[in-house]
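Given chain B, work out where chain Y should sit, using these hints.
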Amino acid sequence: MTFARRIVQFSFLLLTLVAVFLVGGNAEAWCPFGGVEALYTYAREGNLVCSLGVSNFYILGGVLLSVLLLRRAFCGYVCPIGAISEWLQAAARRLRIRPRRVPYGLDRVLALLKYAVLGVILYFTWRAGELVFRGYDPCYALLSRHGEDITFWAYVVSGAILLISLFVKVPFCRWLCPLAAVFTPFSRVGLMRIKRNPDACTDCGACSRVCPMGIRVHTHANVTAARCTACLECVAVCPTRKRGALTWGLPRHLDRRGPLAVTSGPWPQAALIAIMLLCIGAAVAATYTFPLPSFVQTRGTAPATTATLYVNIEGVTCRGSANLLTYFLERDDDLEIPGYLKIEAWPGPGASAVHITYDPSQTTPEAIRNAIKQPYFDLVINQFRVSPFQITEP
Amino acid sequence: MKLKGVLVGLLCVILPAASWAGDGNGKAQFAQGTELLSKGDFEGAAKAFEAAAKAEPDNQNYQVRAAIVQRVLAMRQSLDEQTDNEKWLNTAKALHAFYDENGIHDQALALANRAHTRLNTTETAVMLARSRLALGMNSEAAEGLRGITQSKIDAQVRVLLGLALARQGQKDEAAKLLTTLKDTAPESAQCEFDLARLHTLLGQHKEATAALVRCFETTPPSGLDAIKEQARTCDDLKPLQSKPEFKKALDTQSKVAESKCSKGPDCGKCPLKKKCQGKDQKSHEDCKGHGKSNAPSKP
Numbered sequence: 001m002t003f004a005r006r007i008v009q010f011s012f013l014l015l016t017l018v019a020v021f022l023v024g025g026n027a028e029a030w031c032p033f034g035g036v037e038a039l040y041t042y043a044r045e046g047n048l049v050c051s052l053g054v055s056n057f058y059i060l061g062g063v064l065l066s067v068l069l070l071r072r073a074f075c076g077y078v079c080p081i082g083a084i085s086e087w088l089q090a091a092a093r094r095l096r097i098r099p100r101r102v103p104y105g106l107d108r109v110l111a112l113l114k115y116a117v118l119g120v121i122l123y124f125t126w127r128a129g130e131l132v133f134r135g136y137d138p139c140y141a142l143l144s145r146h147g148e149d150i151t152f153w154a155y156v157v158s159g160a161i162l163l164i165s166l167f168v169k170v171p172f173c174r175w176l177c178p179l180a181a182v183f184t185p186f187s188r189v190g191l192m193r194i195k196r197n198p199d200a201c202t203d204c205g206a207c208s209r210v211c212p213m214g215i216r217v218h219t220h221a222n223v224t225a226a227r228c229t230a231c232l233e234c235v236a237v238c239p240t241r242k243r244g245a246l247t248w249g250l251p252r253h254l255d256r257r258g259p260l261a262v263t264s265g266p267w268p269q270a271a272l273i274a275i276m277l278l279c280i281g282a283a284v285a286a287t288y289t290f291p292l293p294s295f296v297q298t299r300g301t302a303p304a305t306t307a308t309l310y311v312n313i314e315g316v317t318c319r320g321s322a323n324l325l326t327y328f329l330e331r332d333d334d335l336e337i338p339g340y341l342k343i344e345a346w347p348g349p350g351a352s353a354v355h356i357t358y359d360p361s362q363t364t365p366e367a368i369r370n371a372i373k374q375p376y377f378d379l380v381i382n383q384f385r386v387s388p389f390q391i392t393e394p
Numbered sequence: 001m002k003l004k005g006v007l008v009g010l011l012c013v014i015l016p017a018a019s020w021a022g023d024g025n026g027k028a029q030f031a032q033g034t035e036l037l038s039k040g041d042f043e044g045a046a047k048a049f050e051a052a053a054k055a056e057p058d059n060q061n062y063q064v065r066a067a068i069v070q071r072v073l074a075m076r077q078s079l080d081e082q083t084d085n086e087k088w089l090n091t092a093k094a095l096h097a098f099y100d101e102n103g104i105h106d107q108a109l110a111l112a113n114r115a116h117t118r119l120n121t122t123e124t125a126v127m128l129a130r131s132r133l134a135l136g137m138n139s140e141a142a143e144g145l146r147g148i149t150q151s152k153i154d155a156q157v158r159v160l161l162g163l164a165l166a167r168q169g170q171k172d173e174a175a176k177l178l179t180t181l182k183d184t185a186p187e188s189a190q191c192e193f194d195l196a197r198l199h200t201l202l203g204q205h206k207e208a209t210a211a212l213v214r215c216f217e218t219t220p221p222s223g224l225d226a227i228k229e230q231a232r233t234c235d236d237l238k239p240l241q242s243k244p245e246f247k248k249a250l251d252t253q254s255k256v257a258e259s260k261c262s263k264g265p266d267c268g269k270c271p272l273k274k275k276c277q278g279k280d281q282k283s284h285e286d287c288k289g290h291g292k293s294n295a296p297s298k299p
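Chains B and Y are the protein sequences, given in the same order.
Quick note, the first sequence lines up with residues 1 to 394 if you use the numbering used here.
Quick note, the second sequence lines up with residues 1 to 299 if you use the numbering used here.
Bound-form chain B, shown alone (with noise of 0.2 Å):
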């Protein structure tokens, strides 16, 4: 079970490696917390903080499902940070590093830091409307291109998290992911679960030694802690599982042992694999298949007859240069495009697409590209600004 794990694990790490260092892609764009800390900003402005997409949105709906399903299976088995993590409790293991067992007491109460950073960052990143937090995040550290945003502190905390990971179980994951915190009401609730049968239980603790979330297995007689990240490896570990000690499942199929309830081979875990791909992939069809724009900015009321131009711009990379592009659009000057306008942009690396609706009585196409590429004479600071943007039709 191990070892399918690590397998899912390394293919995850491997995709995003390749999509952000060969292929140049945006990882944060696909980062289901992205989405959390996009939401406010979304919801109040219709605009996403910079380097985010609706794909974060997506993201962390099909994650979030994949919890209410499998709880943190997301954890153990996508995650970076969580695969880094155990990696190194293995390789620490190999070079006789004994982990050292964390007091249930004190692991409770050090869960509990989660919460306060999932509060602090998303109220300083929904106040500012900015990933504010960026520079001293550990995942973007170490999936990044190392951008010059990335602090010095950055690469304080993913070397601490990572030294803490030869010592301590997961550290990480249990006690300060915020993405974790966010996951634990939906995870309570989740569905699939683990049974323990006292009867054919030995009690002799091997559950609980090798759950890499600290969890008493051999205490529950079910599983429904938010933390269970769904590894399995309580029931791989298990001396009596055959006897069904322990079993995974659906609770109903758990109850009666129906065929829902498997205790050992390969297909819990298939089973949990294809429903967690599943789960990511229609969110990543979903993003391509519904693409709402991470950008929309009106003026006007639309009149009964609307025009539409669509165009690829390069230069609109983020937010601010989305917004760049608004003021161009929007100017006073001789280039003024007068009444109804809707700008949507799906703002990225290189030519990002652009929709500009417009009142075709008043303004035309021709009009409107001549706004965007024309320089702009800017009278607070009495100079010309030249524009940024090339326009590359679809």
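Honestly, I wouldn't trust all of these hints.
Mimicking EDC-like on lysine to aspartate or glutamate, the simulated pairs with C-alpha atoms at most 16 Å apart in a straight line are [as the list claims (entries may be wrong)]: (1) Y:Lys248 x Y:Glu217; (2) Y:Lys87 x B:Glu330; (3) B:Lys373 x B:Glu314; (4) Y:Lys87 x B:Asp334; (5) Y:Lys87 x B:Glu336; (6) Y:Lys87 x B:Asp332; (7) Y:Lys228 x Y:Asp251.
Since the hints were made in silico from the structure, they are not lab data.
The following block gives chain Y in isolation, referenced to the frame of chain B:
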């Protein structure tokens, strides 16, 4: 072996020469454009800048210059066709600032005259006075400013009038004008800059430095380098330029937010960040080119 040596030698000569020739093409055309522009030949300058930009497509300076001069050409044409007075004035202000910046003061004066004849406002009178001062027509500038109705006289008018008088040697009268400024405090960076010039001409270096500091503090970050360069090269400020307090004043940072996106690589340190987020959208819209010009034009 010999052939190899000859080839290497040729390469050593050809490559730097080709590189030098490539640089020279754009450079010569850019210099030609600048010269034509200073003579007021806009069409010729636009063509030369365009050629320089084509010769060196990676030279950002050439691209920007070519785009701006093309736009100026279009604006000069649109000025004749514009019927909306507000838009006409905005176009005239843009052209006036461009002429000033490039030392085309005769064209700036002609345009200011045209603007004042068409609109006859305090703003156009100030524009005209500024052009006259740039050409050393101090008495005409003073005369024009004195013609402004008493009720419409603001701090900017008083400072420019003081400047015109001080340049003509009427320093007592100019100093007297300064005392009336207490009632109408300067409102813009432009006015503070002119005030610094006036104080300098009156030998009041401490006050001049303080006005310069206020000017820099009230200029948006993207306009700061340009105004500091103006301070370094302004003739009226010459007696101040060698003083250590002047050099210290040049270190002053802007205390006002940008009016528009600063076009940085990302929003990381952008002073507009909060405004981009829509927190202060109203005030952002207020200053979006509709408000008073905040930064100084070329003295």
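Unsatisfied constraints (hint numbers, rising)
Structure breaks no hint.
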